[in-house]
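Q: Protein sequences, first through last, are from chains A and B. Final position of the first sequence in our numbering is 274; the numbers increase by one with none missing. Final position of the second sequence in our numbering is 729; the numbers increase by one with none missing.
Honestly, the hints are just simulated from the structure, not real lab data. For each residue, glycine too, the CB sits at the ideal point set by N, CA and C. You may find that some hints are simply not true.
[Unchecked claim] Estimated spans, in silico, between C-beta atoms of each pair:
| hint | chain 1 | residue 1 | chain 2 | residue 2 | range |
| --- | --- | --- | --- | --- | --- |
| 1 | B | 531 | A | 160 | 48 to 54 Å |
| 2 | B | 438 | A | 139 | 21 to 27 Å |
| 3 | A | 60 | B | 331 | 51 to 57 Å |
| 4 | B | 376 | A | 202 | 54 to 60 Å |
| 5 | B | 414 | A | 72 | 25 to 31 Å |
| 6 | A | 211 | B | 339 | 51 to 57 Å |
| 7 | B | 122 | A | 117 | 25 to 31 Å |
| 8 | B | 696 | A | 202 | 52 to 58 Å |
| 9 | B | 125 | A | 194 | 20 to 26 Å |
| 10 | B | 603 | A | 202 | 51 to 57 Å |
Each chain, letter by letter, is given below.
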Amino acid sequence: MDAAIEFPVETHSFQSWRCYLLEAKYELLRQVRQPAFVLPTLLFPTAFYLLFGVMLSRSAAAAEYMLAGYGVFGIMGAALFGFGAGIANDRERGLLRLKRALPAPAGSWLLAKMAAAMVFAAVISLLLAVLAYTLGGVALAPGQWLALFAVNVIGIVPFCALGLYIGSLVGGNAAVAVVNLLFLPMAFLSGLWMPLSILPDIFSRLAPVWPAYHLGQIAMKVVGHDAGGSVWLHLAVLTVVTVVFFVLARRRLAAAA
Amino acid sequence: MKRLTDILAFGALAATLGIAVALQGNAGDSAAGANEPTVAQAPEQTGNSFAIRGARVFDGERDLGLATVVVRDGMVESVAANGDVPDGLPVIDGAGKTLLPGLIDAHVHAWGDAQRDAARFGVTTAFDMHGMVERLPMLREQRESLADTGQADLWAAGYAITAPGGHGTQYGFPVPAIEADTDVAAFIGERIDEGVDFIKLIVEDMSAYPGAPSLPTLTPAQVTQVIAAAHAGERLAVVHASTLADSRHAIEAGANGLVHIFADQAADAAFIADMRAADAFVIPTLSVVASFSGHGEGGALQADPRLADRLTAEQKATLAAAIPGLSANDRLEQALRSVHELHAAGVAILAGTDAPNPGTAHGVSMHGELELLVRAGLTPAQALAAATSLPARRFGIDDRGRIAPGLRADLLLVDGDPLSDITATRALTGVWKNGYPVERDAKATAGATQAAPEQALVSDFDGDALEANFGSWQPTTDQMAGGASTVEYRLVTGGAEDSKGALAITGEVLPGFAFPWAGMMFFPAAEPMQPVDFSARSELVFQVRGDGRHYSAMLFSGPSAQGMPSVQMFQAGPEWTQVRLTLADFAGADLSLLRGIAFTAGQPLGSFEFFLDHVELR
Chain A
18 MDAAIEFPVE THSFQSWRCY LLEAKYELLR QVRQPAFVLP TLLFPTAFYL
68 LFGVMLSRSA AAAEYMLAGY GVFGIMGAAL FGFGAGIAND RERGLLRLKR
118 ALPAPAGSWL LAKMAAAMVF AAVISLLLAV LAYTLGGVAL APGQWLALFA
168 VNVIGIVPFC ALGLYIGSLV GGNAAVAVVN LLFLPMAFLS GLWMPLSILP
218 DIFSRLAPVW PAYHLGQIAM KVVGHDAGGS VWLHLAVLTV VTVVFFVLAR
268 RRLAAAA
Chain B
112 MKRLTDILAF GALAATLGIA VALQGNAGDS AAGANEPTVA QAPEQTGNSF
162 AIRGARVFDG ERDLGLATVV VRDGMVESVA ANGDVPDGLP VIDGAGKTLL
212 PGLIDAHVHA WGDAQRDAAR FGVTTAFDMH GMVERLPMLR EQRESLADTG
262 QADLWAAGYA ITAPGGHGTQ YGFPVPAIEA DTDVAAFIGE RIDEGVDFIK
312 LIVEDMSAYP GAPSLPTLTP AQVTQVIAAA HAGERLAVVH ASTLADSRHA
362 IEAGANGLVH IFADQAADAA FIADMRAADA FVIPTLSVVA SFSGHGEGGA
412 LQADPRLADR LTAEQKATLA AAIPGLSAND RLEQALRSVH ELHAAGVAIL
462 AGTDAPNPGT AHGVSMHGEL ELLVRAGLTP AQALAAATSL PARRFGIDDR
512 GRIAPGLRAD LLLVDGDPLS DITATRALTG VWKNGYPVER DAKATAGATQ
562 AAPEQALVSD FDGDALEANF GSWQPTTDQM AGGASTVEYR LVTGGAEDSK
612 GALAITGEVL PGFAFPWAGM MFFPAAEPMQ PVDFSARSEL VFQVRGDGRH
662 YSAMLFSGPS AQGMPSVQMF QAGPEWTQVR LTLADFAGAD LSLLRGIAFT
712 AGQPLGSFEF FLDHVELR
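Make a model of the complete structure from these sequences and hints.
A: In structure tokens, the structure reads:
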């Protein structure tokens, strides 16, 4: 009797695990087969870093600062574009509705997209690390390299949430524009491209309104160039941002269905 | 109901971000507030007379135990085991603390905020090993005065002695060099006439650093001649050499000391015997050796909570800087071994950092150097002597280096006992320069900028040498940023309005840097890029004539010496013309922290010639 009940439960859990895995695999494949997504996502941060962090930088300190900044900039792009534009397109083409009708666990597509974004974040992080180490003269302790990698990979989550919300809000064409409108100014005003100290004081004071600032500060803290705020404050802000945008996006997607 | 959830979600987001802005904005303020207790320790001291009671005193040579030190008018008046404090003097309680002589960093390269940064970390005197000579008279004046400068005093080598294109010529300012046919005695005579305190030679062909491109350097015969000429001029001769062979030759030629420990191998018995016989000293600069061996010692200093709060952005940057493409190696271990054996044989070791080279910073690195010396086998007391009494004695300085009656009251008070734990020197609770407490908070000292001198006239170029009524003039080109532009200057007769002389500036703007420049720069303070408060002035006025090109007046200002300049253009026509530039029109400039004004040619590429006269800041 007991065994008869247990059996289907186990099968179910095995299948769902496989569902998540397959979903993630095909999501990644789908994105990798879109050079128009892959190339800008990977080349943007690396080319910028090469230019500003390596070629035009006069000190290793600047190269470190920029390694942290452009890492966050790069993974933010992967998350915002992958989610914002991706979800908007899927929604427009009715793919989300189709997914909902499929006998797959609810939310597997969401986790798949997140996993794909994490893979991109990991690649960006590694590319920048290689450039920084070989060309930028950046020498970090092994723990610092690992921590920076972890910040970049885990740090996509709030931006996935933000992207998800944008994707739930507007259509595919508009999503790219909205993401760009948010992404570039936010990166600049969060001090990811260059230290905020070159701007008037008001910019440093207002920078904490940008979620990217908080992730950027955590990454800067790893290399020792942060503005001295508490890491708990940054984590708290990022958590609230994640929860709020997931809740909002979920409600909109549910309403749309 | 649904809308309510949305509103709540957005509300939570707005509240969080609002709190983040508020908290982050306060972070800087509360950090500044945290320094207040230390300031409050000497509440009554305003002048340069006071007493410290109850502290253990290390006088630069010996541990005197608990003693009372009385300072009057910037000088130590008495040191006594159970001395009374004269009435009316503010008393500082030294219980649980150790009083040390101000530290002497025997190897630095000072510019910008170096002297202030050094003093903030307890280095009240430093020896500059290579730099421009225009500032030498001001440095001499400063170190002879008992004024409340809040800065380290400097003894300086002026230009290091090197070969054309050799090490030392790459820093963006022109350096006179010894060619194959130079009359060495006359050349060194010129350096001594420039007012240098000692002669520093550079013997560096880079052979100690495999893979690095080799550099031209002085020949052994020239080294011998330079040392002889320095001694003939009654100056010490100290030598930068990176190999054992070059160091051996320098000592055999009579050099008084080495300013680095060599990098190619450890010291051998014959060399140690030579050093002993010659009674020569070594400034091993273990701090920079550690950096060159890729050990990240600079980062460790930066992480020390006793030091971290007071570091400026610039100090953090130089501490964190690494030598590009460097892999970890055992140079530091080898250097520690050499120092250990030299010290064991009785050779004098002096503490020096080579700040601000990558991995080091002014002031703060001295605390790392002391720790490295102890690691090399010096006792804490010997390491402290290497940073106080020994360098003073070796460089013939008799007004400092120890705590004794009649000497200058350059002092530091630290929590704990550095004689048992050398890192206790980092727990600074007070620094005094000339008996005045040194403001150790970087932000506060940035505000306490030097006041502008009274006269408006900077230079009329009517003298025999390139002089300024205050500050100094120096050539500047994009070579310091990797460019190739060149500049030459000379004083010519016949200035504006029939005045006697003018400054002629000629050169060529060459490709090599994105924003090429070449010209002359005026620094208003004793040190290049040191800020002076000119907020009460309104105009930069000068006479100019030239080849018709457009030129830039670039004004460097603000809290960082690495900030971008603000620029105004002017034209140099065939006739003398007066140019009046309103200072307020230099966009973004902070006139209360004016660091320098450059008169330069830029794009288009090509040669240029212009003349300046009667430069004023009105």
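Q: If a hint holds in the structure, say so; if it doesn't, say that too.
A: Quick rundown of the hints versus the structure:
Between residue 531 of chain B and residue 160 of chain A the beta carbon distance is about 31 Å. The supplied range of 48 to 54 Å is therefore violated. Taking 21 to 27 Å as the suggested C-beta distance range, the pair residue 438 of chain B and residue 139 of chain A conforms, at roughly 26 Å. A beta carbon spacing of about 54 Å between residue 60 of chain A and residue 331 of chain B agrees with the range 51 to 57 Å that was offered as a hint. At roughly 56 Å, the beta-carbon separation of residue 376 of chain B and residue 202 of chain A lies within the given 54 to 60 Å, and the hint holds.
Taken as a hint, the range 25 to 31 Å holds for the pair residue 414 of chain B and residue 72 of chain A, whose Cβ atoms sit roughly 30 Å apart. A C-beta distance of roughly 52 Å is found between residue 211 of chain A and residue 339 of chain B, which places it inside the suggested range of 51 to 57 Å. In this structure, residue 122 of chain B and residue 117 of chain A meet the distance hint of 25 to 31 Å, their C-beta atoms being roughly 30 Å apart. At roughly 30 Å, the beta carbons of residue 696 of chain B and residue 202 of chain A sit outside the given window of 52 to 58 Å.
For residue 125 of chain B and residue 194 of chain A, the Cβ-Cβ distance of about 24 Å falls inside the hinted range of 20 to 26 Å, so the restraint holds. Between residue 603 of chain B and residue 202 of chain A the CB atoms are about 53 Å apart, so this pair conforms to the stated range of 51 to 57 Å.
Hints 1 and 8 from the list above are not met by this structure, while the remaining hints are.
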